[in-house]
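Chemist: Listed below, chain by chain, are the residues.
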Amino acid sequence: MELYAVVRAHGLKSRLLRRNDYEAIASGEKGLYEYPDYSAVSDRDALEEKVEKVYRVYVRRVSLLASLTPELSPLLNALLDRLEFENSKIQLRRLVGGGAHALFYPYGRHIGPSRLSALRSWEEVWGALSKAGLVETPAPEERSLAGWELALDLAYCRHLLRGVEGSKVSRRSKRALERAALTECSIALSRWSRALGADAVLEAVSGAGLSGVCELLRGVAAKSWSAAEADRLLASEVAKPLEEEYPLEAPFLYAFEIYARLEARNLEKILTGLHLGLSRDDALKFCAIAL
Amino acid sequence: MLRRRLELAKRGLTILQMRREMLAKELVLLLSELRRRREAEEAFARALQRAAELRASRGEIEFRSMASLAKPPRIELVAVSYQGVPVRQARVAGEPDLSAVHDPEFREVAEELWRALAGMIEVANVEEAAAEVGKQLVSINQVANSLERSVIPSLEDAVKRVEEWVANRELEDFVRARRLRGG
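Chains as they are written, first to last, in numbering that gives the first Met the number 0: chain F, 0 to 290; chain L, 0 to 182.
Calculated directly from the structure, the hints in this document are not laboratory data.
Keep in mind that the hints are not guaranteed to be accurate.
[What the hints assert, rightly or not] If we take Cβ atoms under 7 Å as the criterion, some of the chain F residues that face chain L in the derived model are:
#: 1; residue: V50
#: 2; residue: G96
#: 3; residue: L102
#: 4; residue: A226
#: 5; residue: L275
Note that the Cβ used here is the ideal one computed from N, Cα and C, for glycine as well.
Using the sequences and the hints, build the whole thing.
Modeler: Printed below as a string of structure tokens:
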């Protein structure tokens with residue numbers, strides 16, 4: 000089944016958008032609906048509807064692969080669960096900011112946006128994640144939003160590493176997946192060093208028992224990458240090596256997930272840029288185009 | 000009676016001319032402050048562009064979520080007197096609260112946007128004041144011109160005509176009296 004899923008992933012990857020496609024969309028030459036996977040996205044849709052439909056395509060692609068390979072579903076589902084953690088952050092910001100209408104990622108294998116939006120405190124959010132099995136420790140006693148969000152990011156890293164651990168793949172593949180997950184986590188967590196300082200982040204990571212991430216993070220924590228740079232790093236430092244070294248093994252699925260995730264993020268950025276009336280070049284400059 | 004009216008009109012004109020001078024000085028001052036408008040508009044356009052780029056770079060979902068953390072400023076409308084001319088002015092009653100925005104990039108952009116917006120509010124206040132003072136100046140000018148060019152000359156004319164008439168009557172009376180005395 001692993002090989003079948005990898006072959007399917009190659010098929011799905013061949014349908015991912017390339018640089019010229021992004022350029023055509025950003026310049027208005029082509030509508031997003033002209034691409035078969037995005038035929039549901041209409042020009043008449045509001046920006047938030049378009050973005051939601053784009054993420055549905057990403058979730059559908061990765062869910063398909065997860066359903067095809069029970070031995071890899073812990074990892075693929077853990078990768079998708081990132082959206083559940085992101086939605087939790089969105090709900091916490093909503094609570095702190097005074098309950099304005101929020102836009103959630105259209106994903107809810109465990110909690111889902113409608114249940115999440117009814118939660119009223121940090122303890123309730125953490126409790127829901129805990130009940131869903133996404134976090135295993137009691138709610139950290141944090142008082143600030145930044146502290147809550149960092150705790151969620153750390154919890155996601157642990158969840159992802161558990162997903163790698165729970166996957167039934169060869170030892171070689173598992174090592175590669177673990178390395179990739181650690182690199183991804185260190186890239187994601189290093190962005191906190193700008194807000195909280197590198198030492199505070201290292202302390203939090205080490206306190207969370209993520210020793211592997213801590214080691215990698217020591218080398219990158221001082222870097223203050225922008226969101227676009229972090230996305231580009233994800234493509235070049237995680238996806239590309241996996242794709243090149245393991246074209247017919249489980250790690251390729253991880254690489255595909257990153258490409259599919261970046262496609263959704265790129266389209267979200269381009270659609271937002273077009274909505275704001277940015278030029279083609281400005282709309283494209285924040286994208287991480289890996290293919 | 001006519002003389003008193005003329006005197007009153009002349010005194011009124013002097014007062015109006017003094018007020019006109021004061022308002023004109025105020026208007027010149029306000030217009031010189033309005034030179035900042037271009038700078039404020041450029042700063043506002045730059046801040047908007049930076050906010051648009053941040054929105055595009057982070058994507059709509061994250062941007063909207065982070066933006067919801069910023070509590071908006073409180074702006075009030077108050078009446079302020081510029082040389083006695085009441086003008087409506089926007090006053091910042093409360094600065095925006097960005098304390099919950101923990102992302103440094105979002106915070107920087109929000110702070111820059113607020114600074115630029117506060118600059119635009121100041122410019123808008125000066126513009127409003129200049130418009131109101133200008134309106135008052137036009138109105139005073141019209142009254143002063145009317146006094147200067149029409150009311151005072153016509154009163155002076157009337158006084159002159161009455162004085163001539165009175166002088167003629169006095170001359171006639173004098174001639175009549177002499178004739179009576181001589182005859």
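Chemist: Would you mind marking each hint as holding or not holding in the structure?
Modeler: Here is what the structure says about each hint:
no., hint, verdict
1, V50, "5 Å, holds"
2, G96, "4 Å, holds"
3, L102, "5 Å, holds"
4, A226, "6 Å, holds"
5, L275, "5 Å, holds"
In summary, the structure agrees with every hint in the numbered list given earlier.
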